[in-house]
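Novice: Given the sequences, and given the hints that come with them, work out the whole structure.
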Amino acid sequence: MSELNKRIEKVLKSRTERGLKRQLNDNLDRRQFNVDFSSNDYLSLAKNEKLIGIVKERLAKSDVMGSGGSRLLDGDTILHRQIERKLSNFYNGEDALLFNSGYDANVSIFATIPDKDDIVIYDELIHASVHDGMRGSRTTHCWSFRHSDLNHLSELLNAARKQHSGSIFIAVEAVYSMDGDRCPLAEITNLTKGDINIHLIVDEAHSTGYIGSNGRGLVSALNLDQYVAIKLNTFGKALCAAGAVVLCAPNVRNYLINYARPLIFSTSMTLSNLHIVDVVHDYLSDGHLTTEIDNLKRNATYLRQRLGIPENVTPIVPILTPQSKRLAKALQDNGILVRPITWPTVPKGKDRVRVCVHSHNTIEEIDKMVEIIEKFCTIRSKL
83 MSELNKRIEK VLKSRTERGL KRQLNDNLDR RQFNVDFSSN DYLSLAKNEK LIGIVKERLA
143 KSDVMGSGGS RLLDGDTILH RQIERKLSNF YNGEDALLFN SGYDANVSIF ATIPDKDDIV
203 IYDELIHASV HDGMRGSRTT HCWSFRHSDL NHLSELLNAA RKQHSGSIFI AVEAVYSMDG
263 DRCPLAEITN LTKGDINIHL IVDEAHSTGY IGSNGRGLVS ALNLDQYVAI KLNTFGKALC
323 AAGAVVLCAP NVRNYLINYA RPLIFSTSMT LSNLHIVDVV HDYLSDGHLT TEIDNLKRNA
383 TYLRQRLGIP ENVTPIVPIL TPQSKRLAKA LQDNGILVRP ITWPTVPKGK DRVRVCVHSH
443 NTIEEIDKMV EIIEKFCTIR SKL
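Residue numbers (this note's numbering): 83 to 465.
Simulated from the structure, these hints should not be mistaken for lab results. Small disclaimer: the values here were computed from a predicted structure and weren't measured. Any given hint could turn out to be false.
As the list claims (entries may be wrong) - Cross-link-like lysine-lysine pairs, in silico, DSS-like; alpha carbons within 30 angstroms at most:
hint: 1; residue 1: Lys143; residue 2: Lys129
hint: 2; residue 1: Lys411; residue 2: Lys430
hint: 3; residue 1: Lys411; residue 2: Lys457
hint: 4; residue 1: Lys450; residue 2: Lys432
hint: 5; residue 1: Lys88; residue 2: Lys430
hint: 6; residue 1: Lys430; residue 2: Lys95
hint: 7; residue 1: Lys430; residue 2: Lys129
hint: 8; residue 1: Lys407; residue 2: Lys457
hint: 9; residue 1: Lys275; residue 2: Lys168
hint: 10; residue 1: Lys95; residue 2: Lys407
hint: 11; residue 1: Lys411; residue 2: Lys92
hint: 12; residue 1: Lys450; residue 2: Lys379
hint: 13; residue 1: Lys411; residue 2: Lys95
hint: 14; residue 1: Lys132; residue 2: Lys168
hint: 15; residue 1: Lys95; residue 2: Lys432
hint: 16; residue 1: Lys103; residue 2: Lys275
hint: 17; residue 1: Lys457; residue 2: Lys430
hint: 18; residue 1: Lys132; residue 2: Lys95
hint: 19; residue 1: Lys430; residue 2: Lys132
To be verified - Label pairs and their in silico Cβ distance ranges:
hint: 20; residue 1: His370; residue 2: Ser96; range: 44 to 52 angstroms
hint: 21; residue 1: Phe347; residue 2: His246; range: 43 to 51 angstroms
hint: 22; residue 1: Lys95; residue 2: Asp376; range: 44 to 52 angstroms
C-beta: ideal position from N, C-alpha, C; glycine also.
Specialist: In structure tokens form, the structure reads like this:
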């Protein structure tokens, strides 16, 4: 065995022994689960027959499938730019740039825009893609603040102003992907107003589609667009597609086109995916998804009430338990699809079953899940 294979096997063995090894389930058949409380399909659009029908009609009229290359070569189309203009208008941005994923977008933003004398101040629970972007950045000044702790953020901002003359970037998520809590955006903008060298960057991945007017996200819901330098809205959660759009100033868009390697060196978004993005945003802007949004909020509120946890109308509900894998299996054995989340995805000691509610879930399904959770907790407390 080569030295490379020895090292790989050693690392994988260590992960397996610690119960941390990730793997794909080759035999996974989602049909064995009667109820979905796991996917990010918050508005249940992935199986929406009307949307599927419209997209099929569009694809039937197209004589092209793939995009053909990078957007800087032969993969750019009129449809790409039309959708960017539409999304810029819908999400209240100056300009817009499409990316193949939210991950690519975050890596691009944080690897290219901060310069060597700049500082990035980020929430400690920020997404992994932001960390990967910062690793490739020219700046080495990346400071974390305690999760949604305004006092700590204020302290770091004051220190940054005193120690550095460059730009300051603040990185937050509108809704945090593992805890499901909202960012105190209004309070953060109160800390940054009037300082032209502070630039707030907001990831709306888990708020797009259901928060704000027609699902525009938390920034727009709070009328804070003028205080946000860069906003990222994604299509891979509530909007049943793939990809993301960066909302920013025109010069920032041009800068990313010139320096964002994931954009420059990747084949552009396929036309089939572009059509899905286009159709879904037509539905959102026309108010055709009001029922789905209302159902989602009702279900999220009801689940939190049943569990006795603070009300927060987002679809992500973490069930914190050191027995996350056993609880997930207990639910799966009863036909309910959920996933255990452990370190290093979440901090040590914060293992959980991540529950995602959807528009299509019923009150009866929520009741059944809560009953299984309560039974599991009762049994474990007696051991």
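Novice: Quick check: which numbered hints come out false for this structure?
Specialist: 7, 16, 18, 19 and 21
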